[in-house]
Amino acid sequence: MSFPSLDRLSLLENFGHSIGSPAYVYRPTHAEQIAELFEKASRHGLTVGLRGSGRSYGDAALNGGQIVLDICRMNRILDWNPETGVIKVEPGVTIQQLWQYTLEDGYWPPVVPGTMFPTLAGCLAMNIHGKNNCVAGTLGEHVLEFTALLPNGDTVTCTPETTPDLFYSIISGAGLLGVFTSITLRLKRIYSGNLWVHAWASPNLRTMIAEFEPLKTEVDYLVGWVDGTVGGSALGRGQVHTAQDLHEGDDAAPAQSLRVDYQVLPDTFFGLVPKSILWQFMLPFMNNAGAPLVNTGKYLSSRFLSHHHRFLQSLVAFNFLLDFIPNWEKAYGRGGLIQYQSFVPKETAADAFSEIIKLSLRRGLPNYLGVLKRHRPDKFLLTHAVDGFSMAMDYRVTNGNRVKLQKLCDELSEIVLQAGGRFYFAKDSTIRPEMAARYLGEDTLRRFSELKARCDPEGLLQTELYRRLFCSQNGSRES
Amino acid sequence: MNQHSTLTPTPAAIVIGASSGIGEAVARRLAREGYAVALVSRRAELLNRIAEQIKAGGGRAHVYPHDATNYAEAPTLFQTILRDLGRLDVVVYASGVMPAVDLSEFNFEKDKAMIDVNVLGAMAWLDQAAMALERLKRGSIVGISSVAGDRGRIGNPVYNASKAAFSTYLEALRNRLTRKGVHVLTVKPGFVDTEMLKGAKRTFWVISPDQAAADIYRAVKSRQQVIYTPARWGLMMLIIRHIPSFIFRRMSF
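Read top to bottom, the protein sequences are chains E and X.
This note's numbering numbers the first residue of the first sequence as 3 and each following residue consecutively.
This note's numbering numbers the first residue of the second sequence as 81 and each following residue consecutively.
Bound-form chain E, shown alone:
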């Protein structure tokens, strides 16, 4: 049997269906198979890219023409201790599996992204954050220990105390230093399956940023929706959501809300429309004419119907808003979407984000959905975090606008870099190698390449993101 077999070839895409390339996909179930695959790939002059659920918005889990190692089938829960809240899992366990497994014992993942489908390996490779970043930090900060298989053949067990260099670089390392084989993390004790949510409308971005500041240590979760389709005095208007965990005793019958069925999202919308087809109803509005209407409608309803609305909401409904509409990304049409997310220090964030929204409008490429979050710095090597804010913006991609959109993103990135900002490998598809070098800094780049040489001397672990940003000789700068 030839290696790699053409039978393994498939077209892999980013989450937004706007970027894709063919790769030979292998789905191991045991760490020994990974070692064997490394050995074979090396013998055949091929590189290996790591992939989890494929939820990255950019090229982080693509490796065109080469091998992609999909860890989704390594998804067993290895150990769970409800006394201490410490769980040990295989790398392909998803956030969904995790919360469903521990909820009834009163535990919830300490940090979750906006969707429950990513794997823990993917989450740690990107060192994801949630709506509680300014309180709880990134997911990596809750990891007690992990084991990883390095391309040099070593299996390493890492903790923050014993192996800080590997611990703080493999987490955040975008799958370029080693493959997680097991992950031990501490979950968060909860006393109810609900959160107290408070929502209000905010008239513009500057107000919203000012409102965030005192709240960042007051509440457990903090997130803002930003309308990117209007300028002027209403620029960046939107809606703020905060949420608080319930304390012990607040929920009279916690066993009720700590059940998986209580949390599960309904299969139908308004009890009628199957949610699997909902995205098709969004399709007609996902364009430069429809998106402002939807955004305005959403703003007006938050202003006049639910201003300072306080209510109890389930953990799942609050955290995994994106999962309410399965395949929502398909509503962006055939060309798909990209997300542009930048992280800017608190001092410059309001100016930079205002400039970004204005420039997008001026270039005729408004973003259809904007999300503002508050962050805090962390110690991880390739971190995206800053003591400041991030704004994530979804842009529709069409075959006609790709060149224009890339140009806009080049301009936006310049604004971000001028403001001292950073980028995030889980989202990025547009920055150039010199921009990555500018925000990461020489010192970080040197440390990363030293670690790369040590863990992966042959350069076996590669992705399109790696070649785009870290290998400028064969990167994307040919002209």
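Incorrect hints may have been included.
[Stated by the list, open to error] In silico DSS-like links for lysine-lysine, alpha-carbon gap of 27 Å or less: (1) X:Lys135 / E:Lys409; (2) E:Lys332 / E:Lys300; (3) X:Lys301 / E:Lys332; (4) X:Lys278 / X:Lys190; (5) E:Lys218 / E:Lys348; (6) X:Lys135 / E:Lys406; (7) E:Lys409 / X:Lys301.
Since the hints were derived computationally from the structure, they do not count as laboratory data.
All values derive from a computational prediction rather than experimental measurement.
Chain X: place on chain E using the hints.
Chain X alone, transformed into the frame defined by chain E:
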């Protein structure tokens, strides 16, 4: 400014038989249209020169010396090329030979050479292309066949047979692959001013390889199934295909 990025990816093509003639012209045309091209042919020095010219013009080209009759090498080389290109949009099989054959000559060596390159080489490569593209559910396969495959004539029986086999093979690929989202184009050139035409008698409507390449590129873009180049050969062959045998076997071409 033609700065490529992840968001504006470079399409990629493989051209087998890229060192001269229609293959070379198609490769240059694709490169000019922004494709990264993999040039495959027996004659490495010609390929290197073409690749250098493409790169000098701002294009991307890779060179793979390979004899189309070395069938066993095709699968591995195909995967090497896929690795180097990182993606695949178009595969063109343009290799072909047509040794001069006298009217009374029956020469198995020459016959075998034509079948080896024009038919078996095509199958060795396009089988790989078909397997890969059907899994990707996209892309185009292009075979440079010939008007010569539409009828068997007195001049060069095995050349006619080889092109008929190639055309039928391409038709079958099309029937297999259209439902998988893959486009298959059969190109039937008339007389094209290439090395193959040297010493050919009684030629007419001769076009340059660049003109043929322009027709082929347009057909790839518009996902046509069968084209004649120049197009008037379509009408010509419609007539020739309908000449009854009792007349055709008395004709001298």
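Hints versus structure:
Under the criterion of a C-alpha separation no larger than 27 Å, the hint pairing X:Lys135 with E:Lys409 is consistent with the structure, at around 24 Å. A hinted pair counts as satisfied when its Cα atoms are at most 27 Å apart, and E:Lys332 with E:Lys300 qualifies at roughly 20 Å. With a CA separation close to 25 Å, the supplied pair X:Lys301 and E:Lys332 stays within the 27 Å bound. At roughly 17 Å between alpha-carbon atoms, X:Lys278 and X:Lys190 fall within 27 Å of each other, so this suggested pair holds.
A C-alpha spacing of about 12 Å is found between E:Lys218 and E:Lys348, which places the hinted pair at or below 27 Å, so the restraint holds. Using a Cα cut-off of 27 Å, the hinted pair X:Lys135 and E:Lys406 holds, with the two alpha carbons roughly 25 Å apart. Using a Cα cut-off of 27 Å, the hinted pair E:Lys409 and X:Lys301 holds, with the two alpha carbons roughly 26 Å apart.
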